[in-house]
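Residue numbering for the sequence shown follows this note's numbering, beginning at 1 and increasing consecutively.
A few of these clues could be false.
[To be verified] Pairwise CB distance ranges (calculated):
#, residue 1, residue 2, range
1, P50, P19, 24 to 34 Å
2, R20, Q48, 30 to 40 Å
3, G41, P16, 27 to 37 Å
4, R20, K44, 13 to 23 Å
5, P50, H21, 10 to 20 Å
6, N77, L43, 13 to 23 Å
7, R20, P40, 10 to 20 Å
8, Y52, H32, 16 to 26 Å
9, M22, A65, 15 to 25 Å
10, P31, T67, 12 to 22 Å
11, Y49, R3, 29 to 39 Å
12, W34, V66, 14 to 24 Å
13, K44, H21, 30 to 40 Å
14, V26, P50, 13 to 23 Å
[Claimed, not checked] The calculated lysine to any residue pairs, modelled on SDA-like cross-linking and capped at a C-alpha distance of 25 Å, are:
#, residue 1, residue 2
15, K44, L12
16, K44, V71
17, K44, V26
18, K44, M22
19, K44, R13
Simulated from the structure, these hints should not be mistaken for lab results. Just so you know, even glycine gets a beta-carbon here, dropped at the ideal spot from N, CA and C.
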Amino acid sequence: MRRDINRSSHYLRPGPPLPRHMHLVVGRPLPHGWHHRVPPGQLKHLPQYPGYEWHSAGRDLVLVAVTTGLVYTILDNVLN
1 MRRDINRSSH YLRPGPPLPR HMHLVVGRPL PHGWHHRVPP GQLKHLPQYP GYEWHSAGRD
61 LVLVAVTTGL VYTILDNVLN
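With the hints as constraints, model all of the structure from the sequences given.
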């Protein structure tokens, strides 16, 4: 999946950088105000999973459960 994202990285923009004291953790909610939902035009370059949505936080892509808001997976440093 990283290879596919790297091929289309010029279509994907990074989100706001996370402060040094803030860390993304699988199974925990995203920190408020430090992420953006990936816009629809950029979503076509990412795999889609029912019940989940992509967010960008700094240079990371984060897959988040829609119902709970918990982080499912983190792809570190894939955005330019």
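Cβ distance range 10 to 20 Å for R20 and P40, holds or violated: For R20 and P40 the Cβ distance comes to about 31 Å; the hint is violated.
Restraint status (C-alpha distance of K44 to V71 at most 25 Å): Status holds; Cα separation ~21 Å.
P50 versus H21 beta-carbon gap, inside 10 to 20 Å or not: violated (34 Å)
Consistency of beta-carbon spacing, P19 to P50, with hint 24 to 34 Å: holds (32 Å)
Whether the CB-CB distance between M22 and A65 falls inside 15 to 25 Å: Since the Cβ atoms of M22 and A65 sit about 20 Å apart, the hinted range of 15 to 25 Å holds.
13 to 23 Å as the expected CB spacing between L43 and N77, which holds or is violated: Distance hint for N77, L43 holds at roughly 20 Å.
Proposed proximity, R13 with K44 (alpha carbon, max 25 Å): holds (13 Å)
Distance restraint evaluation - V26, P50, Cβ atoms, bounds 13 to 23 Å: Since the Cβ atoms of V26 and P50 sit about 19 Å apart, the hinted range of 13 to 23 Å holds.
30 to 40 Å as the expected CB spacing between Q48 and R20, which holds or is violated: With Cβ atoms ~32 Å apart, the hint holds.
Given hint M22 paired with K44 - CA-CA distance at most 25 Å: violated (29 Å)
Verdict for Y52, H32 (Cβ pair) under range 16 to 26 Å: holds (19 Å)
Pair hint outcome, K44 versus L12 [Cα-Cα no greater than 25 Å]: holds (10 Å)
Violation of the numbered hints given earlier is confined to hints 3, 4, 5, 7, 11 and 18; the remaining hints are satisfied by the structure.
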